[in-house]
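Protein chains in written order, with this note's numbering: chain X, 5 to 298; chain F, 2 to 684.
You can take every hint at face value.
Below, simulated DSS-like cross-link-like pairs (lysine-lysine); rule was C-alpha separation at most 30 Å, straight line: (1) X:180 with F:293; (2) X:112 with F:20; (3) F:280 with F:145; (4) F:293 with F:230; (5) X:215 with X:65; (6) X:20 with F:151; (7) F:238 with F:226; (8) X:180 with F:309; (9) F:119 with F:108; (10) F:303 with X:20; (11) X:110 with F:293; (12) F:530 with F:575; (13) F:175 with X:25; (14) F:36 with F:20; (15) X:110 with F:303; (16) F:606 with F:639.
None of these hints come from the bench; they were simulated from the model.
For reference, the chains in residue letters:
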Amino acid sequence: MRKVYTFENLILDLSKFWQKKGCLLYQPYNSEVGAGTFNPATFIRVLDNKPWNVCYVEICKRPRDGRYAENPLRFQQFYQLQVIMQPAPGEIQRFFLESLESVGFKLKEHEVRFVEGDWDAPTLGAWGLGWEVWLDGLEICQFTYFQQAGGLDLEEIPVELSFGLERIAMLLQGVKSVFDLKWNHTQTWGDVYRQNEIEFSKYNFTAADAKFLVSLFNQFEAEATRLFEQGLVLPGYDCTIKCSHIFNVLEARGTISISERAKMIARVRALANHAAMLYKQKISEQNEMQKGTE
Amino acid sequence: MIDFLLEIGFEEFPPSFLKKSANELSDRIVDLLMKQRIFHRSVRVIYTPRRMGVLILGLTRKQKPQIIEIQGPPKKLAFNENDQPTEMLQGFLKANDLTQAQITIKKIKKGEYVCGKKEVAGVNTEDILYKEVPKILETMEFPKTMIWTKGGTKFPRPIRWILALLDRRPLKFKFAGVRADRHSRPNQHFSFKPIRLEKPREYINFLRHGGVVVDPNERRKLIVKRMKKAIEKTAGKALYTKEMIEEINCTTEYPEAVVVEFDEKYLELPEEVLLTVLKAQGDLIWLKPTNKFVCIFSAKKKALQNVKKGYMLVVGSKLYDALFYFQNDLKQGMDSMVEQTRRMMWLKGLGSLYDKAARLRDFSDFFEQVPDLDIGTLKRAASLCKADLLSGMIREKDFTSLQGIMGGYYARARGEDEAVVAAIKEHYLPVFAGDAMPSTREGVVLSICDKIDNIVGAFLSGNRPSGSSDPLAVRRNGYAAVSLIDANSLDISFFDAVKALLKLYNKDIEQGILFEFINERSTRFLLDKKYRYDEINAVLAYWRGDIVDARMRCAALKQMRGKTEFTKLVIGQKRVRNILKGQKKTGDVKVELLEKPAEKTLYQKGYAIAEKLEPMVEQQNYSEALRLLLEMRTDIDKFFDDVMVMCDDIPLRNNRLALVSYINDLFLRYADLSQIVIEGEKN
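Just chain F, with the same shape it has in the complex:
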């Protein structure tokens, strides 16, 4: 049994994908060992900001031997009538380095054949690792890479050393211009002197002496332990998340913790501002509600006093700025900000931010029917919601992410109603996929108004998305608007909303491209809700832009899907579509021209169904609507079996087409079922 240690050393790796990359490297090496039949006892993933690798204990020295079978000539040709080996067999044995004792006769489909069996000794683990590890490194994938020498290897950051030790022997392969060897490097705060390893098992301890806790799990625990120790005698609750701890874990080799103070006057700042400053300054952990925070640093304990002084200075300066802006903003007041929005252009040709806010206010009327909505609150919030973009705080890039939130504070200072404050605060939500939704009705609707306005504005000002370019992030806006309408079960047509808004703009645009965009965003949304492409296409083919309704139709479709009856119905619809393809509308069905019983029955059935169908659709009872449509299935099939639609008699033909069209329209009240893909259809 032998051990293997691989460590790729680099300059500080981006923390956002360090863990994922290290796991990928480890998985691929383990995968290699399995495929190559090399046994191993345990694997430890290693990563710090400056290294990643694996420590694998208890490997076999060689691959497990393998018994391979080689098919030879047919028995008839391998032996002559005296059962003696022919020349052909001898040639086969020679070519494969086999003796006659190693062959058997095997019966396969084609007949009886010679089969040679031999044991192949395993290749040395060393040879396999030497050859395969560089290949794994070469084919790793990262979100972002760079080069650091002319024409060199791409990697997230420059590779500066590689340690590859199989028991006592270094595997001296070359990768990214670096020759692998038996040396690691310590924490740079401790020393620059390389650490020479005789064998892999020394790694963890030697590196610890060099100021590096290489095992991420151990380091993570140490971070929490050090933090808890540091705050033992301090009041306040440490505000941290798992994600923050992991981010810290990816930026430290040797965690130490220190409690740092800031001036109490900064507690006057809104909590969101305080947290924004602390987060940006390296995941500092606030001890709520005190004027203290914990800083996890990655250096010698001796550095503690300097680190404390340094962070006190930096955080103090950032908070100084924040308070300066906050107080100034309060002093100038929201009315002055609103006034300034008149002079701040929003998008070229579309007026100022003031105009935008006024438009949002007027657009609010479209949402009047939304239950539990206070339209007055909504309009007030809309008028004020863009003012904070002119505040000193939001104009500073460190705090831009607080747009809306600061607006809320400034509105409260102006004496606005708490409902108005809440709506302003929330109206950018959700900012990213999976972000929180606004909690108040007015916040929801204002957010929808703003997002639809952003979309329409982008299309009107020549900033619509195409390919990978989406300068005003309208795709995100579109998705968020759809999610908001859906999550709040609002009975709103996106199409009608856009039309109402376009009226306020008093501008012309080809509405088709806007509607196409809404369809695409809605499709994306429904796909994420686990509906299939064809189900969505069927429903959106004739929809009115109401996402809640579309989702209910999809749900009914999904439920019915897979039933034999349904499949037959879809096949029927496809026939209908094919017949109607390229045909002009032929007017109403003339009852007197219905000739065959199957025609008559279908028409009567359709007529009866139509009456019941309408209320079902109106009540959005789509599973019932679909069940009703299914009732026509046998009559449709019989019609197509018995009646020749494209007959030579023109009036008869036209009347039959009119009947087919009539039935088709009934289906389209629900969805275009001909879009559903039936399994095996392509065959």
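In isolation and in its complexed conformation, chain X is listed as follows:
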């Protein structure tokens, strides 16, 4: 029998593939995020208009997706492998397919479907066009050409690939539940994360203190604004990320109405737009100064 291809080996092999394509191997951000896009290695760097190729695992938290460890395919925390290539290489789609082959999918034996998916992250003022990539019907990746971030048009167009690592590993191992996924040869994903799923599902849906979270949201928003006023882009952006996560928990908790929801999204987006604008301003000032000293 073929040796099981473990979750950890998938992470290593896929990272290596993109490293060979010239990506810098980065690490996850140190705050809760809903997607690798929030990591400054993506959100801030795509504003640069400079070549930037990067690959990292991101631990993504989606409070609403928790199912108390009862649904084999839905969980409130998962790993993404985030790849940014800026500018997008012309052969990127082929690279992508080759990366799937590099971890063991023979394209002749599977169906890879590029399903139209206009991606947008409303809290980041970011959007792009691309696809959800389905492997045998299972969404395993978002493939996006960014057009805007922080409300600003991008010049050098980056391509973003966000691989859903658990799902890819499940297909490779042929298991029907994420909890049975072999992390290494002795531990399963369930061994590592089951309790986490159960407890955080409870937290997100019933235990989280909404009042406390609303007040945190307000404070982080005020803090971000204050920091932006002092020209501190990255610390301010850090507070923005926190607002975004708090909003996600509140949404799962089910205490915000439809119209309130739209307003909170707009508030986070305003912060993200502020960060982006400030960052752009800073780099153009730096460029000016460089020109001056040359």
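Using the hints, position chain F against chain X.
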């Protein structure tokens, strides 16, 4: 005769406008050939998710030669008295590369002129295509585009190759940073190796070997054929529409089909839920009533087992979620959902969803007079209709589109009357233009109540539409409400409904802007019913917000339009309007001050007509009303011919103005005819 093949290769194109774009490209190339006098025998449109183009067979190598005529100098100046060519003629011949044999004398309006005729050889087809095809590509229009390189061309998705082959020669033009050549690409599941073509006629077969059926018509047939083959031995009826097949056609290069199963326990789910899951998962086709569906996929046949396993897993997981929500919702029950609506704000400052439902219930009273309406059923449905927004199912974004429908199921589980269930189920209809209408009377009225409430709520909470922004989609709500009232011939004034509702809100708002909005929506509706702007303006100028009535008035107007009598009447009304412009109301007509016969006649006529007109208007017999008004036409004309309204005698003048105003008011009982545009009026 030569052949031409053009293939634009891109990363997966949005299926919703692939067919339309491919047809546009083909039409424009055919158009180019016609204009350039290049003959061709046949055209085949090509599209798959990864390419679009045309295969044109039997083209001429060159444009058809053309005989052109060039006008020269007048005969008098071209030849001297001895009929010898003058210097002027020789200059003309030289300048246009003509010999004396190629000219004739032609008589035109201005006199006799020299006319040079010569045959211009056709330009090579190759040169024309090389030059013009990139221009066509550049000017194509799409609903949504992107860029993929800095400052690059806009297109729906990145262009990665272009194949342009005229017989054996590639046309190496450049577009979107790509140099056209003789290479196509296969289905990526088969190979990455480009396919080199020597000539266009190899295309269809070579690509088929590469796992691509390039002809959409052939592919469409293949989809149905493969599906039928796959379900040969399976029970159940395949539920699919033409639109679904075309959508599948736009997402596949090489269709294969496989039957996939799901756990039988999911058959417990409402049919709408099952279909929603299957549709979202890539147009999967349900074999009703079994626990099986067909999946059309676009890969090698070898992938069949993996595809089957994959879809079983994904659909299973989605159905698992759906059943989880459904059972939980049933367990918590509708009463608990209703209770929770108390804590869910609807719009800022306008209370909770519970308040909204209570308001809809009270608003129902306004519709009491609607025939065949069970007010009790309506009120019960109104009280329950927003509860499902608090259900687990509807809160999940995959199933939000089932709002109302799920409410119906939950109401039935609560033991509600089937009429209540139906009204709840239907009360969001019509969701989009051309969508189904509610089938029950209570469903219709509840839908109208809800939509009017959405509109008024939006205006009260600072969310009214302006320009391209319409945050709460009240324009769609407005149009739907008007359509519902009209389609069900309800004798309801939209204005009065809004006033009644505002009372329930107990809030102040400038009603003018709301009425303006209703007028605008009604105008849009009537325009779609093929009435003209001016007809609609005439009718809506003094209406009471009753769309059915407005439509009848428009119909009468449309019927009468174009008759000479009518045109004269309108001209008369325009004179009336002009005279009354800026005049204050002058009170009633004083009979003793009517001086001239024409004045007297008009007044008597008007008086007689008024008596007959009123019942006609009340019975909404507008063609008769209009016919009555027409009877005054000659008297009005005579009045204006014989009587000077703006005379110096003030009491006389005022009395005449009062008469004109009296007649005008009679017209306004029907419509403001002065708004009708008469052809040639502007001249």
